[in-house]
Amino acid sequence: MHIVVCIKQVPDSAQIRVHPVTNTIMRQGVPAIVNPYDLFALEEALRLKDAYGGRVTVLTMGPPMAETALRKAISYGADDAVLVTDRAFAGSDTLATSCALASAITQIHKDMPVDLVFTGKQTIDGDTAQVGPGIAKRLNMQLLTYVSKVRSVDLEKHEIMVERRSEGGVQLLKTSTPSLITVLEGTNEMRFATMANMFRASRYPVKVWNREQAGIEDIASVGLKGSPTVVSKVFAPTPRAVKAEIIQCESNDPKDLSVTLLAKVFAKNPKLENEIAKRAA
Amino acid sequence: MSVMVKVEEKLFQNRYKVDSGRPHISIIDEDKCRNQCESQACTTCCPAACWTMEGNGQVTVISDGCLECGTCRIICDEHRNVAWEYPRGGYGILFKFG
Amino acid sequence: MSEAPEAKKPAGKKRIELDDRLKAYKGVWVFIEHERGKIHPVSLELLGEGRKLADSLGVELAGVVMGVPNDTTRSFCFEAFFHGADLCYLMEDPLLTDYRNEPFTKGLTDLVNKYQPEILLLGATTLGRDLAGSVATTLKTGLTADCTELNVDLDARSLLATRPTFGGSLLCTIQTLNYRPQMATVRPRVMPMPERDARRDGRIIEDKLGMVESSIITKVLEFIPDAMQDKPQLPFADIIVSGGRGMKKPENFKLIWDLAQVLGAEVGATRPVVQAGWVDLERQVGQSGKTVRPKLYIAAGISGAIQHRVGMDAADVIIAINNDPNAPIFDFAHYGIVGNAMTILPALTEAFKAHLATARKAG
Amino acid sequence: MAEKFDVIVVGAGPSGNSAALRLAEAGLSVLQIERGESPGSKNVQGAILYSDALEKLIPDFRDDAPLERHVIEQRMWVLDDDSFVGSHYRSDSFNKPPYNRYTMIRSQFDKWFSERVQKAGALLICETTVTNLLLDGERVIGVMTDRQGGEIYADAVILADGVNSLLAKKAGFHPELQPKDVALAVKEIHFMPQEVIEQRFNVTGEEGVVIEMVGKITKGMMGTGFLYTNRESITIGVGCMLSDFKKQKITPYQLLEQMKAHPSIQPMLAGGEMKEYTAHLIPEGGFNAVPDLYGDGWMIVGDAGMFVNAVHREGSNLAMTTGMHAADTLIELKSEGKAFTAENLKRYKARLDESFVMKDLKKYKNMPDVFHTNPQFFNDYPDLISQAARTMLTVDGVDKKTKEREIRKSFRHRRSLFGLMGDAFKLWRAFE
Chain A
135 MHIVVCIKQV PDSAQIRVHP VTNTIMRQGV PAIVNPYDLF ALEEALRLKD
185 AYGGRVTVLT MGPPMAETAL RKAISYGADD AVLVTDRAFA GSDTLATSCA
235 LASAITQIHK DMPVDLVFTG KQTIDGDTAQ VGPGIAKRLN MQLLTYVSKV
285 RSVDLEKHEI MVERRSEGGV QLLKTSTPSL ITVLEGTNEM RFATMANMFR
335 ASRYPVKVWN REQAGIEDIA SVGLKGSPTV VSKVFAPTPR AVKAEIIQCE
385 SNDPKDLSVT LLAKVFAKNP KLENEIAKRA A
Chain B
2 MSVMVKVEEK LFQNRYKVDS GRPHISIIDE DKCRNQCESQ ACTTCCPAAC
52 WTMEGNGQVT VISDGCLECG TCRIICDEHR NVAWEYPRGG YGILFKFG
Chain C
503 MSEAPEAKKP AGKKRIELDD RLKAYKGVWV FIEHERGKIH PVSLELLGEG
553 RKLADSLGVE LAGVVMGVPN DTTRSFCFEA FFHGADLCYL MEDPLLTDYR
603 NEPFTKGLTD LVNKYQPEIL LLGATTLGRD LAGSVATTLK TGLTADCTEL
653 NVDLDARSLL ATRPTFGGSL LCTIQTLNYR PQMATVRPRV MPMPERDARR
703 DGRIIEDKLG MVESSIITKV LEFIPDAMQD KPQLPFADII VSGGRGMKKP
753 ENFKLIWDLA QVLGAEVGAT RPVVQAGWVD LERQVGQSGK TVRPKLYIAA
803 GISGAIQHRV GMDAADVIIA INNDPNAPIF DFAHYGIVGN AMTILPALTE
853 AFKAHLATAR KAG
Chain D
16 MAEKFDVIVV GAGPSGNSAA LRLAEAGLSV LQIERGESPG SKNVQGAILY
66 SDALEKLIPD FRDDAPLERH VIEQRMWVLD DDSFVGSHYR SDSFNKPPYN
116 RYTMIRSQFD KWFSERVQKA GALLICETTV TNLLLDGERV IGVMTDRQGG
166 EIYADAVILA DGVNSLLAKK AGFHPELQPK DVALAVKEIH FMPQEVIEQR
216 FNVTGEEGVV IEMVGKITKG MMGTGFLYTN RESITIGVGC MLSDFKKQKI
266 TPYQLLEQMK AHPSIQPMLA GGEMKEYTAH LIPEGGFNAV PDLYGDGWMI
316 VGDAGMFVNA VHREGSNLAM TTGMHAADTL IELKSEGKAF TAENLKRYKA
366 RLDESFVMKD LKKYKNMPDV FHTNPQFFND YPDLISQAAR TMLTVDGVDK
416 KTKEREIRKS FRHRRSLFGL MGDAFKLWRA FE
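Residue numbers (the numbering used here), protein chains in the order written: chain A, 135 to 415; chain B, 2 to 99; chain C, 503 to 865; chain D, 16 to 447.
Keep in mind that the hints were calculated from the coordinates and are not lab data.
Pulled a few chain A residues facing chain C out of the computed Cβ check, cut under 8 Å:
id, residue
1, Ser232
2, Asp261
3, Arg272
4, Gly302
5, Gly303
6, Val368
7, Lys377
8, Leu396
9, Lys398
10, Glu409
The calculated label-pair distances, taken between Cβ atoms and stated as ranges, are:
id, chain 1, residue 1, chain 2, residue 2, range
11, A, Ala185, D, Gln209, 49 to 59 Å
12, C, Lys751, A, Asp387, 21 to 31 Å
13, D, Gly286, B, Gly56, 37 to 47 Å
14, A, His292, D, Leu150, 46 to 56 Å
15, D, Lys126, A, Asp390, 48 to 58 Å
16, C, Asp728, D, Pro190, 55 to 65 Å
17, D, Lys126, C, Ala729, 40 to 50 Å
18, D, Gly220, B, Tyr17, 29 to 39 Å
30 Å max Cα-Cα, derived DSSO-like pairs, lysine-lysine:
id, chain 1, residue 1, chain 2, residue 2
19, C, Lys855, A, Lys412
20, C, Lys721, C, Lys616
21, B, Lys33, D, Lys262
22, C, Lys721, A, Lys244
23, A, Lys405, C, Lys540
24, C, Lys750, A, Lys389
25, A, Lys402, A, Lys389
26, C, Lys855, C, Lys750
27, C, Lys750, B, Lys7
28, A, Lys398, C, Lys863
29, B, Lys18, C, Lys751
30, C, Lys750, D, Lys290
31, A, Lys389, C, Lys756
All residues carry an ideal CB built from backbone N, CA and C; glycine is no exception.
Input sequences plus hints: build the corresponding full structure.
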């Protein structure tokens, strides 16, 4: 079984702060990490490999420094790693990204047929959840999003059974391979790499492909040209014109403050008073 | 001059990868902290306020916000009651600037 | 949508030239999501928003209903009319029983190609995101996920889709260039629910799916509904009492629960509090948690970081309690008390109790 | 099959990087193990880089090292509760390349340094904690890590694992540190626009300022405060002896917060945004606290070996120099075909004794004791000095001669004349 796991190197968005005064984004010291959602996909793929045998190839598109993310994936136990990087990819939106990744998967497939493609459910920087479905459609693979568990794989029949999270419950789905699975978060915990894999990762020669090597002939299908959407504006949320009315009273006693507050709130929002009274009754 | 400081506000700016369920610092003998230690210096000198003195006189440590400086271990020189290891590789504080 | 956006121009709208072929695309569509006999509220919220977009563009608003052939499915068209749709595209087929990507993608893609809407909106739910991503790629058009605000640039008839980015620290506006339809998914509870008007009516246009079961590879073997435990339903709560890091200790969160109980409210929390394990993930309000739209939101010990704000600032009334008078929460709360949440909360709980007792006597 | 190397270097800070660089350049097989996510992610320093030591290792370091500002001005402040008396030393000679001192941000610097090391051929493995040394009798034959299959072998292990020096302790090479031998420093980094920093500190371009502070900010504890200007940020911190923290039961972040609120310091930080809060121990035991530095198959370098000159606030340069000498010792022995035995590794100590490292430490060897036994240096004097300045500078109709007399009186009042002379003598002896 050959599983390709698509990962992305992202800024650790939890570390991004906006300057309170100037409202500008502060990028200093924001480290690049493997998209946390992708780690669930990688671990799920590694578990399948442990159970059924086969190989796991990690794939990413990004700047040269994204190699670090791939090396990390190797340390967890992935067998191969491919970095697709080219200036032509700059400005790619999700459609163009899925085009490039789909093409790279086709190239990987030539060396060793791909049975499954795994990705995280979304990235933490873009949060779009579109690249996975995009790759599946381009490669004409069965798409299984928000998968919480891979129940079984039948290699001979090319069948796979998964649990998929949907609104209000879980769908038990059966489909055939090749298929693309986006993995739900919290479904597993990434393993602690072995020493042998740490050595392997630090010596592994990551395959670096440019646009041609990734099999993308049409330059207009990637980068800015291949992106239907464009970011026209990035801005900080505007502060509400009127600031909070700060409740004050002479005593500054919590009790008096509370009573004053309620009187003010209910005087202005009589409906709210009825609402609360109704609930409390 | 007294200044209100919330160390949580400071630690919030830091980046951590917490190894949940595997604290890297622990108390060897809790009874020693309660009954034999007079200074309980760890509860005032830890720069990340990981150590607290509970109402019942017991000292507890929660190492999630630990800056891995070593103060608590060295300061416990009379009792040597702190089991102190570095966190597992890659876990713990991750300085953005250092 | 570019994933780590850099504005290509400092600000404002992008001048977009549209091919003649694409000028034929007209109308605003909302995909009506339903599961087990109920419309997902986000679809109705989108009808309200779609109505505004359609009116400003001078076009019709359509609902798209796909499901098994029965009265319930058909009744969703009428619900769509009551909430603002002018017409509905109805596709009924036994293959559309449970949601599966393949038949729904084909059905929706066919409808788009046949009737050519200029804007297509879906809820940012598991279903909506799955379907939107597939349809957009199949149509090779642009899709903006998780929007919090929609507008149109009338000159170019271009959808201006605004969404949080960089983990919610900033907002960005995204436009679809020379492609149609312009697709967007919108988070539940971000847009207000429109008034239901049962006198409204509309046209139903029916279409066939044109697939047979044997051509669909993925089979649903079973649906396991979530155990009916009382999971918090924050997005639909009318009153929420939330606590942040300013509550200092997990024990202090009891004060939040006490007030919530008196008000019949849900309890919410900020990300750091959830991360520290003081309350369940289900209760997290904000960018990486739930978006809420209650009538009353009480924020105690919450500084008001943007990550939290994007999840709750649509609340009708926000009351903030914080000991830092400069905390950003006071910039967008309606009422504020500067003080220690640990002493204010119990007093507030008592004040509500007393007030409700008087109200009950009077009523 | 367990891996085997000529040398394992534990830690990728300045001392470990220097050793690994040197060894790799000489063609030895080197494995460097770092417990942080990347080199620098566990490391804390003020930070000032003295170029001399690094220049010996990487002569062209200025071309691409991530340096912040070169220091053209050194200020010394003595603070009481609400004022300071200070001296500024600014010299144009500091402003002529090649510069001698730079401010830097350690996480960036260490990463850069490590890249150089890897380019030279050393293998780096991060996110891996060395938990123990592998011993064959007295001889160190490798390390044990916290990963499955974690035994790795080497002919020599260089311990560059920082001030806590857990590995040597576990192996029984030296005892636990004493609270009197380490200082605890806490600091914060505050970001603000470059222009603001330049205006506020009267510098342009890449020029920088360093302020060292003593006085009431340390509440009578032996220690100093510091403020360094980086390109777009300011580092502010305070460090005091751990034994004093313990004795006085002072909470470090409270101390820092009060220092930041000092009317002379607060305006320098106004408008900035704090982005990180760090704490670190500094080995300040000096010459007398330096442990055994070598044995069969092992050597200690950097902070782990107490190599800090507390008086001149030098550390990273000593770290680099000791790392370099440790490496050079191994390279020399290897070329002579000699084993890395304790007997042969004596040469490491000999090299250090010959270098400025030991000479400087020896020069100030009594310094720590002087301050430990004489708290007045950090307590009474700042008050007195600042009172003196205030008295002199206040125009109030009192003649200067009377003022001088008052100042002398106040000094004598707080410390007897005998005490004053004694202090001067002690200090002089320590520096001598």
